[in-house]
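Q: Listed below are the residues making up each chain.
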Amino acid sequence: MTTESPTTDTGRSRRTKLFLLAGLFVALVLAGIGSYYASADPDGLTKVSEDEGMAESETPHDLADSPLGGYETKDVDNDRLSGGMAGVVGVGVTFVVAGGAALLVRRRSRSSDDRDGTEVEASRP
Amino acid sequence: MHVPDGFFDAPTSVAAGGVALVGVAACLHGARRELDERTAPLAGLVAAFVFAVQMLNFPVGAGTSGHLMGGALAAVLIGPWAGALAVTVVLLVQALLFADGGLSALGINVILMAMVTALVGYGVFKLVMGVMPKRLASVPLAAGIGAFVSVPVAAVVFVGFYAIGGTADISLGAVASAMIGVHLLIGIGEGVITGLTVGSVIAVRPDLVYGARRLLPRPQLELRPASTRETTS
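Top to bottom, those sequences are chains A and B. Residue numbers for the first sequence follow our numbering, so the first one is 1194 and each next one is one higher. Residue numbers for the second sequence follow our numbering, so the first one is 743 and each next one is one higher.
I should point out that these hints are in silico values taken from the structure, not numbers from a laboratory. Glycine is no exception: its CB is placed at the ideal position from the N, C-alpha and C atoms.
Which stretches of chain A does chain B cover? Using the computed rule of at least three CB atoms under 8 Å from a CB of chain B, they are:
(1) 1211 to 1217
(2) 1232 to 1244
(3) 1261 to 1275
(4) 1278 to 1290
I would like the entire structure built from these sequences, with the hints used as guidance.
A: As structure tokens, then:
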């Protein structure tokens, strides 16, 4: 028997779903459109590496020529589109991989307490 | 702060990879306590958001930019272990799909940008919360301070790694002061972005913020007496 009232529970989960969709929308807009306006200057580490000589030993990335290497979509000439598409794909892939991983490791409600021994819990009479 | 290939010698890269693997295992273990059916999809959202905001380099002067690392932000939103895990996923996607961050430097990048920032960021967040009024309004400020501190600390850890296994012949002192200097500035951006983001989530769904869960008026629903027994029907 569940202790929560079902209506409150579904209402909450619908609001959570809405929050999730709104958040994803924001992330897609930031990566798909906003990224075009980001500073193109080298970041802190890259700049210090160039100034102090660490960059001399840098070797090219093994996957530099991959379809989305360097946040640019291969064979798409328009900068705005090329970077925007890379950003959108990145947000989608990251969401699926991280969300999937979290679903795999999450606490199951069946053995709801914080222990690790799910099998012990399940075998209890 | 994505470290490219070639910066570190092979032993250091391999050792860092091993440490990162142990860290990920610890995160997988710890994250079980932080995630449930309701909050697991949020971990996906937090990772996707961190990925997006990491693309938004902001200028910090002198032809240099910085971007969010996101460890502190993720830790306050979904818990330190799940947060470090979320940023690890971001780094994996960046290295494998976008050629950002060397493959041989993956272990170092996970340690610097996922582990160090999440744990330092969350640790400082807890310390600051300890001296601030126990109100929801304190959470974004404490999160911002934790995020600010986490960035120069990650820079110091980078310099430490470089002292152990860096490949170029450089002046460690000069690298240390340059790295700390620029990352104090980037840390300000990290703190502002983190504070604003946590504040926005608190404004609409404070119940979804891990770092605010003790401040909510009502106790969480999953608190049940130990004697509760599941009916088999």
